[in-house]
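> In order, the protein sequences belong to chains A and B.
Sequential numbering from 1366 applies to the first sequence in the numbering used here.
Sequential numbering from 23 applies to the second sequence in the numbering used here.
It is possible that part of the hints are untrue.
Listed below are the simulated DSS-like cross-link pairs for lysine-lysine, each with C-alpha atoms no more than 27 Å apart in a straight line [stated by the list, open to error]:
1. A:1493 <-> A:1427
2. A:1755 <-> A:1420
3. A:1745 <-> A:1755
4. A:1718 <-> B:137
5. A:1755 <-> A:1718
6. A:1380 <-> A:1390
7. A:1427 <-> B:103
8. A:1420 <-> B:137
9. A:1390 <-> A:1427
The following residues of chain B were derived to be distant from chain A, with all beta-carbon distances above 12 Å [as the list claims (entries may be wrong)]:
10. 208
11. 215
12. 216
Read the hints as simulated data drawn from the structure, not as lab findings.
We put the beta carbon where it would ideally sit given N, CA and C, even for glycine.
The chain contents come next:
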Amino acid sequence: MPESGGAERHALRLKAVSKTFGGVKALDGVDFEVLEGEVHCLAGENGCGKSTLIKIVTGVYKPESAGLIELFGERLDGITPVQARDRGVSVIWQDLALFANMSVAENIAFDAMVGLRPRGVDYRGMKKRAGATLERLGVTLDLDAALSTLPIAQRQVVAIARSLMNDARLIFMDEPTASLTQSETDRLLDIVRRLSADGVAIVFVSHRLAEVLEIARRVTVVRDGRLVGVYPTEGMTQARLGELMTGHMLEDSVAARDMSSAPAVFEANRLGRPGEFENIDLVIRRGEVVGLCGLLGAGRTELAHAMMGMSEPATGEMRLHGDVYRPTSIRAAIAHGMAYVSEDRLSLGLLQKQSIVDNASISVLDRLLDGLGLISNGKKLGLIRGWVEKLGIKIGLPDDAISTLSGGNQQKVVLAKWLATEPKVLILDSPTVGVDVGARAGLFRIVRELAEQGLAILLISDEVTEALYNSDRVLHMVQGRIAGEYDPSTTSVQALEEAIYE
Amino acid sequence: MNNLLRNRQVEFRLLVVLALLCAGLSLATDTFLTMANITSLLNNNSVNLIWAVGLLVVLIAGGIDISFAVASSVVQYAAAKFLIGIGGGNWILGFIVCGIVGIGLGLINAGLIHKFRIISIVVTIATFNAFFGLLMFFSGGRSIYSLPDWWSDRVILFEHQAVDGTWSELTLPFAVMVVCVLLTWILIRRTNVGRQLYAFGDNPEGARRAGVNIAAMQALAFGWCGMMAGIAGLMQVNIVQEVVPNALYGRELEVLAAVVLGGARLGGGRGTVTGCVLGVMFVAVTQNGLNLLGISPFAFQMIIGAAILVAISTSNISFSSLGRIRMEGSK
């Protein structure tokens, strides 16, 4: 593909691009360049203008002013969606935009069917082309299987294959790894490298900085609609990148304290449930943050469910403040002072279409009654105001739908909902999935404060650094058993990573 | 073959149940498995099948239509008035007029749904009432009996006399039904436009982003359903030889039940012509069997209701995984 061995060619060049929404500058004179075949990372906090930038390149938005727009060496006055697609620009959105009831082959080849001029459908040719594209990615999938039968990681591959079918030469991937496990992420990164070697430019948007530094050659950092700078990833650290994105230092250091003298709040002795976990001995002390690491499927979430009375352990016992604790329902667990911020807050933790105030108050409605025994709006609003202030939640109006908030703020509302029940033990299950780096720091600051106020906290996390930097002790779970305990002040990230992924 | 079994489970199960039902009825009665009974079953269900494939397209596109049966009545009445008015007409004119009026009524639904972003069940319940109200208002509830001869005369395509002297025959509505079923199959299975309908029903936002013309999809789905309603209306008149304004009122739920039984998903993106035909035939054979066995017609509604519940609650369970659960449970 390269014409000569000389200078590298640009897939995309944008200079001084600006875009305003309702008086707010979403992008203010931003430059953005991607080389052909390069893996480039676009980094920034939620709301910094990343999505606006992607939408300008794909023609969804028109910029107000732009010094230069150039796609594959061709100067354009503006980009329309058709122009973008014809020139090989493709976006894989976080929700993938695939069709669950259609076959894998049809999903991959779908774009060829768009249009109102009737033509026949050639299923055999479609399968052949889809198969060839998957081969280019080095992946085999059952082409006849309905997409709904595939795990999310494979759907991601289908989405990538689909964009390759359109001869994509510049692919934007929006948070592609947010819902993948580590090994799935590794496989995806392999595919990305393969594409890059094939001459396809890839712009990667991710909140997981470790991954960004591993895969990308350069990173463009945007903050508050302005370009912070373009940096090579070589020599860049996660802490430095986080700092560039948020504009302030992030306390990324071990904060472990020795809590072994504090009284135990929650204890589990030889707790087991066939097929989920076995022989679990676990102590969480007053004011202690216990990290729980392990691969997806190691039984962490299952353990949390048993602690919350959502499933019944078959063997062993649990104790709360020394008394035997046998919750028969989640209501019983809450009454005992347990709280659980679930892994999948989008579907389990929040009622997306309801308002912020209703979401925050749902767990404590019985305490918000007025003289007539009806729910008092005033008390509800008082509750939410208190939490908005305490947790620093950024909201519009309390009556806005929860879906209007960013990931980090949604997570805080979930937290507020549970803290309103005045718990003694708080379980946080993967609390930072889909939450950006600045908001993460804020979230953990709150966790730290809560611990200092005496709450016993179990922090379940997929990310080793997150668990190590924010816990007092880290437990490692493998195939339903606790395989090891680590002291963050004497354990390095690498050592723990090796223990978990090897 | 394996793929067929895996991706067409609903249809396969329905086929097995239907075959068992037919076998059972053949043994239990000596009237079920006669050519006369089978052909009359096919003739009598032609109208339901034409409606069903029209409705199927709407369900695949993620909508629902309650108004199609009443729309057929409107088409019948309007076509009868118009054709008598111009001096009689003929079959070709009949198809054109009924088709166009039907499409027009369907497009009213599509337009309201798309323009005002109202969900289809609300729109079509409204148009169901509006269509029927207007029809009763203008017709005064009076039936039309003196129809042009071409319309009310039976067109026999096949006839056969059994040894005992009973006649069996297939009539025009049957042939028209076969054509409608085939055309629908070609549309949704063999054309790019049909596949876009599936995509739109499956994930409207994803389809929109891929460049699918949403307005065109709504218009196609409801227009097709309307056209089928028009043709069904034309055929129903040929069968009963009269236009009775309220004759088709209430038939929509029976057809909807049959299509859902055939595996079409309320909510869009799933459904096949095969399943749809099997669903209608299952309902038809059940009703026919109960008649032949001399069982109360109320039992029919009970059975159809139960069948729908069983079909829907089991449609997400595959037999192989059911087996696995049992094995794990017995450990």
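> Need the status of pair residue 1420 of chain A, residue 137 of chain B: alpha-carbon distance at most 27 Å?
Since the Cα atoms of residue 1420 of chain A and residue 137 of chain B sit roughly 26 Å apart, the hinted pair holds (cutoff 27 Å).
> Would you check whether the claim that residue 216 of chain B is not at the interface survives, using Cβ distances to chain A and the 12 Å cut-off?
violated, 8 Å
> Hey, residue 1493 of chain A versus residue 1427 of chain A, does the alpha-carbon distance stay inside 27 Å?
violated, 37 Å
> Does the claim that residue 215 of chain B lies off the interface hold, with its Cβ farther than 12 Å from every Cβ of chain A?
The assertion about residue 215 of chain B is violated, with a minimum of 5 Å to chain A.
> Tell me if the straight-line CA distance from residue 1755 of chain A to residue 1420 of chain A falls inside 27 Å.
violated, 35 Å
> Taking 27 Å as the top limit, are the C-alpha atoms of residue 1745 of chain A and residue 1755 of chain A close enough?
Cα-Cα ~16 Å, so holds.
> Next pair to validate is residue 1380 of chain A with residue 1390 of chain A; report whether the Cα-Cα distance is within 27 Å.
holds, 16 Å
> Beyond 12 Å from chain A, beta-carbon-wise, is residue 208 of chain B?
violated, 9 Å
> Under the criterion that the straight-line Cα-Cα distance not exceed 27 Å, is the pair residue 1755 of chain A, residue 1718 of chain A satisfied?
holds, 24 Å
> Are the Cα positions of residue 1427 of chain A and residue 103 of chain B separated by 27 Å at most?
Violated, because 54 Å separates the two Cα atoms, which is more than 27 Å.
> Next pair to validate is residue 1390 of chain A with residue 1427 of chain A; report whether the Cα-Cα distance is within 27 Å.
holds, 14 Å
> Hinted pair, alpha-carbon criterion (27 Å max): residue 1718 of chain A, residue 137 of chain B. Please report holds or violated.
holds, 23 Å
When the structure is compared with the earlier hints, violations turn up for hints 1, 2, 7, 10, 11, 12 and for no others.
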